[in-house]
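Please model the complete structure; the sequences and the hints are all you need to start from.
Numbering (the numbering used here), first residue to last: 165 to 510.
Bear in mind the hints are in silico, worked out from the structure with no lab data behind them.
In this text, a Cβ means the ideal position worked out from N, Cα and C, and glycines have one as well.
Hints may be right or wrong, so weigh each one.
Each pair of labels, with its calculated beta carbon distance range [stated by the list, open to error]:
| id | residue 1 | residue 2 | range |
| --- | --- | --- | --- |
| 1 | G362 | Y446 | 40 to 46 Å |
| 2 | G284 | K217 | 39 to 45 Å |
| 3 | V236 | P401 | 28 to 34 Å |
| 4 | K381 | M288 | 32 to 38 Å |
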Amino acid sequence: MPVMASCSEESRFVDDLRRRRVDITLIDTRLRGVIQRVTQKKSVVLEDVSEVKSGRKFPGVKIIFGHEILKVEFTVSADPENVHEEQRVQMHCFRKRTADDVLEDGVRSVLIDELHEKFGPAVMHIQEQKVIGIGAEVFGPIAQERLCWLQVATKKVVYLFDILLLGGQAFKNGLSMILENRHILKVADLMLFYNETGGFLPDRVSSLQEVLRLHLKLPPTDLSPLCSKELHRKECPEVWYIRPSPPALMTVMTASVRHLLPLRLVLLDALMSDYTILVDAYMSSYHNQSVHIEQSEWTLPAEAQELLSVRQERMDWATGRYALTEDGLLKRSSFNTQTRSTSDTR
165 MPVMASCSEE SRFVDDLRRR RVDITLIDTR LRGVIQRVTQ KKSVVLEDVS
215 EVKSGRKFPG VKIIFGHEIL KVEFTVSADP ENVHEEQRVQ MHCFRKRTAD
265 DVLEDGVRSV LIDELHEKFG PAVMHIQEQK VIGIGAEVFG PIAQERLCWL
315 QVATKKVVYL FDILLLGGQA FKNGLSMILE NRHILKVADL MLFYNETGGF
365 LPDRVSSLQE VLRLHLKLPP TDLSPLCSKE LHRKECPEVW YIRPSPPALM
415 TVMTASVRHL LPLRLVLLDA LMSDYTILVD AYMSSYHNQS VHIEQSEWTL
465 PAEAQELLSV RQERMDWATG RYALTEDGLL KRSSFNTQTR STSDTR
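Structure representation (structure tokens):
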């Protein structure tokens with residue numbers, strides 16, 4: 165009578181398979197690669213994949229469904245015990261970094277690379293939030309970009325969704341509802357620029373580093389992960405395909421969204437400043453009854469009329485410090501702390 169393995173025994177067995185190099189025989193080909201994960205449905209996720217016969221390599225990871233597998237063979241190295249032990253140590257270090265990493269400011273990063281266990285609770289927690297920060301990492305030419313990672317930040321948790329492993333099923337199981345929610349606020353400094361310049365638009369949107377440096381006054385040490393991210397994107401764009409993702413890259417992805425919620429508050433305060441000043445001025449003059457003795461009930465308050473002069477002052481300030489493009493947009497890169505001459509603004 166066969167003995168069924170317990171859940172813990174099966175889990176340990178599957179765990180031991182990770183990082184092992186194998187040859188997998190399918191109906192029409194034979195593949196070689198390193199096991200990254202074995203799912204509950206016995207599908208195998210391989211990395212560093214190549215076709216045994218031709219030697220052709222496949223980029224990224226490859227998912228092989230259980231029903232497609234005819235035979236599995238573990239390749240033998242010159243010193244299998246040492247290699248296996250080294251792989252186990254590397255995997256242990258990776259898990260220690262990505263499982264539930266708590267950052268210095270108390271924000272916790274959580275890796276979501278499977279649809280069971282953490283995925284459901286993560287989606288439910290995100291849906292309960294009124295405001296979230298969202299980031300994405302893609303790979304490939306603009307017309308053929310492939311989403312690799314989706315980062316979602318709440319006040320205390322940054323969720324890193326591994327879309328490459330989760331696949332489209334992740335969106336069917338909850339992510340699409342989050343991204344399509346009309347109540348989610350998009351953080352941007354475009355409207356603030358529009359207000360501060362009296363109605364001008366910039367020639368380009370600011371980078372995240374520029375926005376954080378300008379509005380949150382973040383020191384260079386906090387911005388360095390974002391600079392590292394841009395460097396990775398330029399020098400090795402396929403880095404988003406690497407699995408397991410290097411710990412440094414996980415830190416970069418977390419850093420790219422963890423400041424979005426504080427940034428939102430600062431931008432909202434700045435956008436509301438005109439309204440706050442106007443209300444304060446109006447309420448102050450309202451208490452001075454002598455100002456309103458001869459004023460009709462429907463007359464526009466003088467404080468409101470001052471907005472026009474404020475807008476004109478801001479336009480004059482903007483044209484004096486930014487160069488104008490042919491389309492009438494302000495060149496962000498041309499900002500000058502000193503007032504420009506009239507000929508310089510054209």
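We went through each hint and held it up to the structure:
Take G362 and Y446: their Cβ atoms lie about 21 Å apart, and the range 40 to 46 Å is violated. Judged by the Cβ atoms, the range 39 to 45 Å given for G284 and K217 holds: they are separated by roughly 41 Å. At about 33 Å, the beta-carbon gap between V236 and P401 stays in the expected band of 28 to 34 Å. In this structure the hint that K381 and M288 lie 32 to 38 Å apart at CB holds, the actual value being about 35 Å.
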